[in-house]
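In the numbering used here, the protein residues as written are 1338 to 1447.
Treat the hints as calculated values from the structure; they're not laboratory data.
Note that CB positions come from ideal geometry on N, CA and C, so glycine has one too.
Don't take each hint at face value.
Using C-beta positions, here's what the derived DEER-type ranges look like [said to hold, decoys possible]:
{"hint": "1", "residue 1": "1416", "residue 2": "1396", "range": "45 to 55 angstroms"}
{"hint": "2", "residue 1": "1355", "residue 2": "1375", "range": "41 to 51 angstroms"}
{"hint": "3", "residue 1": "1370", "residue 2": "1425", "range": "45 to 55 angstroms"}
{"hint": "4", "residue 1": "1440", "residue 2": "1416", "range": "51 to 61 angstroms"}
{"hint": "5", "residue 1": "1373", "residue 2": "1422", "range": "56 to 66 angstroms"}
Listed next, the in silico DMTMM-like pairs over lysine to aspartate or glutamate satisfying Cα-Cα at most 25 angstroms (straight line) [said to hold, decoys possible]:
{"hint": "6", "residue 1": "1383", "residue 2": "1367"}
{"hint": "7", "residue 1": "1373", "residue 2": "1416"}
{"hint": "8", "residue 1": "1383", "residue 2": "1413"}
{"hint": "9", "residue 1": "1373", "residue 2": "1358"}
{"hint": "10", "residue 1": "1383", "residue 2": "1358"}
{"hint": "11", "residue 1": "1383", "residue 2": "1409"}
{"hint": "12", "residue 1": "1383", "residue 2": "1426"}
{"hint": "13", "residue 1": "1383", "residue 2": "1355"}
{"hint": "14", "residue 1": "1383", "residue 2": "1397"}
{"hint": "15", "residue 1": "1373", "residue 2": "1409"}
{"hint": "16", "residue 1": "1373", "residue 2": "1413"}
{"hint": "17", "residue 1": "1373", "residue 2": "1352"}
{"hint": "18", "residue 1": "1383", "residue 2": "1352"}
{"hint": "19", "residue 1": "1373", "residue 2": "1355"}
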Amino acid sequence: MRNNAGRPVGARIREVLEITEARGQANTTEIRLAMKGYVESANVGKYCSRAVGLGLLTADRTQHPIVYRAVDGWREAIDARPPSRRRPEPRPTPQRTWRMANSVFALGAA
């Protein structure tokens, strides 16, 4: 299992994964109460949704509220990210030799 996005997984998503792993399963309210500091419940849902999208959590949507479980080997999946690619150097843009008109009044002078 790999983190297909190739992006680093944030600290809050890691915290959600650790909480669900320690508890076995948890809903967003239980996760929010176990998290450090103040976290809005809507944000916990986003963290869980993103972790499900990355394949690190499973969501049981047959229950209400939704119950989340950490996938076995999620730590290895996070660490098995592909190496980041270097972005190519931007091409130099040619310099404009004429002055741009920055108002209606400058149109007559251009």
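**Asked** Hints broken by the structure, by number, lowest first?
**Response** 1, 2, 5, 12
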